[in-house]
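Given these sequences and hints, build the entire structure.
Protein sequences, first through last, are from chains A and B. Be aware that the first sequence starts at 1, since it is given in this note's numbering, and climbs by one per residue. Be aware that the second sequence starts at 1, since it is given in this note's numbering, and climbs by one per residue.
Calculated from the structure, these hints are not laboratory results. Fair warning: this is a prediction, and the values are worked out from it, not measured in the lab. A hint or two may mislead.
Said to hold, decoys possible - Quick list of in silico lysine-lysine cross-link-like pairs, BS3-like style, CA-CA up to 25 Å:
1) A:180 - B:31
2) A:589 - A:533
3) A:467 - B:31
4) A:589 - B:31
5) A:500 - A:467
6) B:62 - B:31
7) B:32 - B:62
8) A:22 - A:111
9) A:24 - B:62
10) B:62 - A:413
11) A:467 - B:62
12) A:22 - B:31
Said to hold, decoys possible - Selected chain B positions facing chain A (Cβ under 7 Å, derived; list incomplete):
13) 10
14) 12
15) 15
16) 16
17) 17
18) 18
19) 21
20) 35
21) 45
22) 63
23) 66
24) 68
Note that beta-carbon positions come from the ideal geometry of N, C-alpha and C, so glycine has one too.
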Amino acid sequence: MRDTLARYTDVLFRLSTGSLVKPKIGQSIDDLRDRVCDAQSNAPVIDRRLRELPAGAQALVRLMGLSRCPVWKAGHLIALAAAAGHADGFAPVEELLGAGVAFPADEGDSKIADFAAWFGQAGTLAAPVFVHPAVLARARGLVAVPPAKPRGATVGTSDGLEWPLRIAAAWQRSRAAAVKTTLAKTLFKRDLARLQSDELLISPFAESALAVPDAGVLAFEWAVAAGLFRAGVNEFVAEPAIPDWSESPWPTLTHLFARFFAVETWDPRAGYAPSEGGLNPTPTAALAMLDQLARASAPRTAAELAGPLWEHHPSWPSALSRDDARDHGAAWVEAFLQAIAGPLRLVEAVAGEPRAYRLAEFGRHLLCGDPEPPPPPVYAQTLMVQPNAEMIVYRQGLTPRLIAELSRFAAWKRLGTACTLELTADETYRGLESGLTLAVMRQTLDRHAMRPLPANVADLLRRWADKRERVTVYPSATLVEFLSPADLDLALSRGTVAIKLTDRIGLTADGHDPDFRLLRLIGNREYDARPAKCVSIAPDGLTLTVDAGQADLLLEAEIGRLAEPLPLNGTAHRQFRLTPASLRAANSKGMNLESIDRWLGTRAGEPLSAAGRLFLTFDPAPRPQARTCRVVRLPSPEFADGLLQWPDTAELVRERLGPTAVVVDDDRLPELKAKLNGLGIELEEGL
Amino acid sequence: MQPRLVAKLHRRVCFVQTDDAVLAEELLARKKLAAEIVGRLSDRVLLVRPGRVDAVIDELLKMGHAPQVVGRAGS
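Take a look at the structure:
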């Protein structure tokens, strides 16, 4: 909030917050910002400001307070104000902003000189507006509500676990791979189809046999809104665990109630219904309807609740199907109450015809300020693990916390009055990856089991857990390379690193940076950086010297493939030597002359030396031979040509050495002599 | 005070460490996995091509292994 206030121009800041804090002489603008932030949780100050607000703004901030959702889009706020009978466009929202009760919540950093212009910059109807939770809490008391629940016998009550169960199952089933979204932020077709056809997520409710349209999609979207997934670039990635679900159902249901208003893609009758601009009327229509129930002194039928919505809500009537519009949306209201409000324990049906609804105790706690109902009794021993690794969990003993714990390491198979889960290698692995240990899993099962865990299942869990110890993947570790094995050993003994990877490379236990105070760094390389020139070749053509400061980790793995390390010579520069054996070994592993040239070109700036080529290209068969021969020097090249062309003498010549020299085997020299004598040429023999 | 050790840092390294060398060989024998390995630091440490660690984890899972992923949220 401080950052947002820093975006206000001085004039706007003083205008919008002047009624909250009175500036003192010499007080800096930073101090004033701090005081404005502090004032948000100052109940008397906030109460005064709320009472001074115009009626439309007052009604709007009260509805926001009922929702417990601190951020709303401006378009939703306009709809909410209209549904409350104040169809004044942006005026109520601007009044809240101008009174220092609400604040822009966009991620921009441009200066804000007036709120009308800011709406335009921040997406007009999509501009997000924030109200501090402490202000929301005070705003809930702006209107008096009937002091007691309307009379009537209740028909069927939910245990409040239907949605926590489905949301947990949706999280579990989407944690193996990220759920993709399109550029328009709607679900990717394949993920949407999976959520729409997942038999577990779309199964009818246990208590009412109600089939909710696209229940799987809603469970996923609700899980996203409730913080069970984090948003990436066009995808949602599951958090490692379900955070902060409580033993008592009320805190979890309160959180889910508040986060329902952030789900913008679902409709109780149509199911998955993303709208352009994300201004689906469901959140605002639902909140306005719940407000009617909070103010009602008698149970209300769906038709009675739909009437004011039909009359005042600006976008809800037009979003209804033709069939639903015939009864002014009563079927939509009935569907919402049965699918969401009833299972969340907000409302209950009252006996009689036509069916009417009133707020239940928990609904009155949220919407009328009644005390929180006592938590339901807890039956700790509620599950039974069978020898086939299936687990039956009875709903009476389930709590949101137990749902969250079991979801981390056991697969949901069936949701009913008795739920079924299965212990599998995959889910055990995911549980361990989420930070659980085998001991914690066992403890959870033992604490809630009606019978001891079967020995074969305990053994299975242990074996699955052990399997994880065999392969370790470090996605982004910092490796520490020392000059010598002795230095690494010293670092291990000092605790600078905990794991020895090679004779000179180690890392900390979690793969993060080591304590730099214990090291003198001579280099810092990024693994994914381009390979750099870091090798020099000695004049012998065979000795490679590594520049320790420039060398990267891949060099360590690569250079060993074609050269042998030389003993350390006391400097920071390590040396390797190309040997016939090392080059032949490289060749046998697929490194040909071309690839060696390429590698040396990148790392040393020059190709393989002539000596290296000799080692690599030398063909051992036929072997070099040493023999005694005679070199015969001839008077002219033409003489030599003739000698080699005449078949009688050509067969006696082993090889021509040059224009006027040929080689003749020692034992064949007399024959050549005789042939030349026959031509009248005498061969003179020298020593 | 102990003298500081001279060292060099290699950051953002992705690699796989196996329980034994035989297992590393088994992984390298898998064609899809071997394509993602750029080098071998030791007989048990395989360097993974930058940015391909998720593909390696997927392939390990397909092979029936249960790789422990160190240094990610939750682990």
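Tested hints:
With a CA separation close to 28 Å, the supplied pair residue 180 (chain A) and residue 31 (chain B) exceeds the 25 Å bound. The suggested pairing of residue 589 (chain A) with residue 533 (chain A) holds, with an alpha-carbon distance near 24 Å, which does not exceed 25 Å. Taking the CA atoms of residue 467 (chain A) and residue 31 (chain B), the gap is near 22 Å; set against the 25 Å cutoff, the hint holds. The hinted pair formed by residue 589 (chain A) and residue 31 (chain B) meets the criterion: a straight-line CA distance of about 16 Å does not exceed 25 Å.
Using a Cα cut-off of 25 Å, the hinted pair residue 500 (chain A) and residue 467 (chain A) holds, with the two alpha carbons roughly 22 Å apart. Our distance criterion of 25 Å between C-alpha atoms is met by residue 62 (chain B) and residue 31 (chain B), whose separation comes to about 13 Å. Of the supplied pair hints, the one linking residue 32 (chain B) and residue 62 (chain B) holds, its CA atoms being roughly 11 Å apart against a limit of 25 Å. Between residue 22 (chain A) and residue 111 (chain A) the alpha-carbon distance is near 23 Å, which keeps this suggested pair within the 25 Å criterion.
For a cut-off of 25 Å, the pair hint linking residue 24 (chain A) to residue 62 (chain B) is broken: about 68 Å separates their Cα positions. Proximity of residue 62 (chain B) to residue 413 (chain A) is assessed by CA-CA distance (about 22 Å); at most 25 Å being required, the pair is judged to hold. For the suggested pair residue 467 (chain A) and residue 62 (chain B), the alpha carbons sit about 14 Å apart, so the restraint of at most 25 Å is met. A hinted pair counts as satisfied when its Cα atoms are at most 25 Å apart, and residue 22 (chain A) with residue 31 (chain B) does not qualify at roughly 72 Å.
The criterion of a C-beta within 7 Å of any C-beta in chain A is met by residue 10 (chain B), whose closest approach is roughly 4 Å, and the hint holds. About 5 Å separates the beta-carbon of residue 12 (chain B) from the nearest beta-carbon of chain A, less than 7 Å, and the hint is met. Hint status for residue 15 (chain B): holds, given a least beta-carbon distance of 5 Å to chain A, under 7 Å. Annotation: residue 16 (chain B) was flagged as interfacial toward chain A, and the flag holds, the nearest CB pair being 5 Å apart, inside 7 Å.
Checking residue 17 (chain B) against chain A by beta carbon gives a least distance of about 5 Å; that is within 7 Å, so the hint holds. Using the Cβ-Cβ criterion of 7 Å, the hint placing residue 18 (chain B) at the interface with chain A is satisfied: the shortest such distance is roughly 6 Å. The beta carbon of residue 21 (chain B) is not positioned within 7 Å of any beta carbon in chain A (closest approach about 12 Å), and the interface hint is therefore violated. A distance limit of 7 Å between C-beta atoms decides the matter here; for residue 35 (chain B) the minimum to chain A is near 14 Å, and the interface restraint is violated.
Restraint check, residue 45 (chain B) versus chain A: the minimum CB separation of about 5 Å is within 7 Å; hint holds. This hint is violated: residue 63 (chain B) has a C-beta 9 Å from the nearest C-beta of chain A, more than the 7 Å allowed. A least Cβ separation of about 4 Å between residue 66 (chain B) and chain A falls short of the 7 Å threshold, and the interface hint therefore holds. The beta carbon of residue 68 (chain B) is positioned within 7 Å of a beta carbon in chain A (closest approach about 5 Å), and the interface hint is therefore held.
Of the hints listed earlier, those the structure fails to meet are numbers 1, 9, 12, 19, 20 and 22, in rising order.
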